[in-house]
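**Q** Put together the whole structure using the sequences plus the hints.
Here the protein sequences come in this chain order: A and B.
Under my numbering, the first sequence has 44 at position 44, and the numbering climbs by one with no breaks.
Under my numbering, the second sequence has 289 at position 289, and the numbering climbs by one with no breaks.
Careful: at least some of the hints might be erroneous.
[Claimed, not checked] With a straight-line Cα cutoff of 16 Å, these simulated EDC-like cross-link-like pairs (lysine to aspartate or glutamate) come out:
hint: 1; chain 1: B; residue 1: Lys58; chain 2: A; residue 2: Asp113
hint: 2; chain 1: B; residue 1: Lys278; chain 2: A; residue 2: Asp113
hint: 3; chain 1: A; residue 1: Lys82; chain 2: B; residue 2: Glu37
hint: 4; chain 1: A; residue 1: Lys37; chain 2: B; residue 2: Glu270
hint: 5; chain 1: B; residue 1: Lys58; chain 2: A; residue 2: Asp60
hint: 6; chain 1: B; residue 1: Lys109; chain 2: A; residue 2: Glu64
[Said to hold, decoys possible] In silico contact screen, one side only, chain A against chain B (beta carbon under 10 Å); selected entries:
hint: 7; residue: Gln51
hint: 8; residue: Ser73
hint: 9; residue: Gly126
hint: 10; residue: Thr176
hint: 11; residue: Leu301
[To be verified] Pairwise CB distance ranges, derived in the manner of DEER restraints:
hint: 12; chain 1: A; residue 1: Gly302; chain 2: B; residue 2: Ser27; range: 48 to 58 Å
hint: 13; chain 1: B; residue 1: Thr102; chain 2: A; residue 2: Asp250; range: 53 to 63 Å
hint: 14; chain 1: A; residue 1: Glu300; chain 2: B; residue 2: Val29; range: 14 to 24 Å
hint: 15; chain 1: A; residue 1: Ile22; chain 2: B; residue 2: Ser27; range: 32 to 42 Å
hint: 16; chain 1: A; residue 1: Ser173; chain 2: B; residue 2: Lys188; range: 32 to 42 Å
hint: 17; chain 1: A; residue 1: Ser173; chain 2: B; residue 2: Lys149; range: 43 to 53 Å
These are computed hints drawn from the structure, not numbers from a lab.
All of these numbers come straight from a predicted model, not from anything done at the bench.
For every residue, glycine included, the Cβ atom is placed at its ideal position computed from N, Cα and C.
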Amino acid sequence: MSDNLKKYWFVALVAVIFIGGIGYYAIDQYNSVFKGKNTDGKSVVAEIAGQDIFTDTYYDQLYEASGINNIASLFEKTVFSKMELTTEMKEKAKTASDNVYNNYASQGQSSLDTLGEQLRQLGYSGIDDLTKYFEDYEKRMELIRSYLKENPEAGQTFIDENNSMIVSHILVSSDTPTTPTEAETKKMNDIDAALAAGDAFGDVAKEYSNDQGTALKNGLVGYVDKNTTTYYKVFTAEANKLSNVGDTSDWFISEAPGFHKIYVTANDLDSLLEEDAFLSAYASKNSTTISGLVWEKAEELGVTFTSEDVEKEVKEALGIKEATE
Amino acid sequence: MKKLSLLLLVFLVLAGCTSGTTSISNSEVIFSVGGEEVTTNQLYETMKRSDGGNQVIKDAQNILTENVELTDEMKAEAEERWEQVASIYGEEFLLSYYGYSTKEDYMDKVIYPELKMVHVLEGLVKEDMESVVKDYNPRLVKILNYSDKETADSAYQALIDGKSMSDVVSEFVPSSTTYSGSESVFLKGLDTNLPSDINTYINETTTPGLSEVKEVSVNAVPTYYIVQVLEVQADKFEDQILNAILTNKTVANKYLGLLFRNNNFQVYDESIYNALQKNYSNYFKATEE
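**A** Structure follows, in structure tokens:
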């Protein structure tokens, strides 16, 4: 042994340092990790004034307050998790997630914290689940899209009742919209002349519009209906004075700031089905229909509830009526 | 050597596995979709995230107030509060929206616990009155605010002539509803609406008395204040100080934090602990102020 130590003293020294390092790391880790507590074999969630608050009691209180709604939320998420996620859906979710994240991040850490809190309220783990949230959103949209394809009359009724359409616009920027400069007036006249001559609205938008974001897409703004709140009020109001494809508004002043002209690009169901904003608008007005679609999907996948009472309560929470009722 | 290495390795693994995640005793399957089972423990995780620890705080508050007996005075105040809230939101909406079965249920779960906690905090603040006086320099005051000098001067003269504050207010109606001559407790640094000159005047006043008409410019617009300091000795208006302290959210939260820390509040679930750090970090000893 002593001969070996003499012979391999350097190896022994390295071993001692290594073992000491492991020991130090282990003790440090043990002291830094969050420790749990059990009393009489029961998990304790908190303690104050020497009294334990047991996890089981805490669970019962949470269940009483919001258990069924949370089961309904878990149920929807589980259905979505079993649905196919296409490459297109995945890419859209990733893009939306990145955009939202960057938008919140640009406003600082507290905004990101708020976003994380909102996701937790929806039953997600937090900011790490942002992409998952949008993937679920895409799957929900897909359910609605499939439903409206199979039930076009429901979609058409919604379109008629809400004046659903896809619009494009041209912006002539102005710092003093109430009194346009000579150059601005000339530009608007040139646009009007081009449209009167039969030039496509998209081409004119591409050539003249000062809104660089939409000009590259032939002036395409997107979905709008009478309840849209995404755009300036004036914009939505002026858009809703139009209703047929090809309708073009007069010039109007908006907070953008500048002069706008809106054009109805499409208002047929097939075109609108490609717009998430349309599907989302439909979902917000038909929440029980959407819950019904989720339930149908669950039945298609195979669903069983351990308790009939819980199943009934979840259905009630989702607004699903039994066929026999 | 081998044994020692093995021991350290086990220690290392165990240290890594120690976890601050709580779970319920009997996890059961609630439902399954497409063969994927969802259990009560998963539900617990979801509810826990949505709750953000608020129920834990309520439970802890209930423990801290469990020995407080409801007095007739507290019951009467609870009834008054109920009438107020119900008249604003409507009884039916109030109960159904927040998920309470009856008025009694709401009283038991919301109003009574609040009143009991106020009772406990009153005791704590009373014990800490020396610090309260030192930190907040309380003064019992009546403040008048006028937008024109002529009315302010007339009101001041009427007070000098011995007219009561209520008569003066009736004759010379103040321009501000906040500073309209009603009795209030001034706490140093907490009334952000009061101009700094007036704050300083009250702070530095050591005997009861009436100020002159004080002109203060707010955004280049002159406005006129008259301050009547009624009392400067805290022990003579202690109840009013307590009320002022506990109706100020910032100070009340400071004392709630002290109460929790004094009672060694501990949370054994890391995600709940992290969630509570946003609004309740001062409730934990590690972050003591």
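**Q** Indicate, hint by hint, whether the structure satisfies it.
**A** Hint by hint, here is what the structure shows:
1. B:Lys58 with A:Asp113: Given pair Lys58 of chain B, Asp113 of chain A is violated - Cα atoms ~23 Å apart, limit 16 Å.
2. B:Lys278 with A:Asp113: Judged against 16 Å, a Cα distance of about 9 Å means the pair holds.
3. A:Lys82 with B:Glu37: Roughly 12 Å separates the two Cα atoms, so the pair holds.
4. A:Lys37 with B:Glu270: Answer holds: Lys37 of chain A to Glu270 of chain B is near 12 Å, not above 16 Å.
5. B:Lys58 with A:Asp60: This hinted pair holds, its Cα atoms lying about 14 Å apart.
6. B:Lys109 with A:Glu64: Holds, at roughly 13 Å.
7. Gln51: holds (5 Å)
8. Ser73: holds (7 Å)
9. Gly126: holds (8 Å)
10. Thr176: The hint is violated - Thr176 of chain A has no Cβ within 10 Å of chain B, the shortest such distance being about 29 Å.
11. Leu301: holds (4 Å)
12. A:Gly302 with B:Ser27: 48 to 58 Å: Between Gly302 of chain A and Ser27 of chain B, where Cβ atoms are some 22 Å apart, the hint is violated.
13. B:Thr102 with A:Asp250: 53 to 63 Å: holds (59 Å)
14. A:Glu300 with B:Val29: 14 to 24 Å: holds (20 Å)
15. A:Ile22 with B:Ser27: 32 to 42 Å: Because 35 Å falls inside the window, the suggested range holds.
16. A:Ser173 with B:Lys188: 32 to 42 Å: violated (52 Å)
17. A:Ser173 with B:Lys149: 43 to 53 Å: holds (50 Å)
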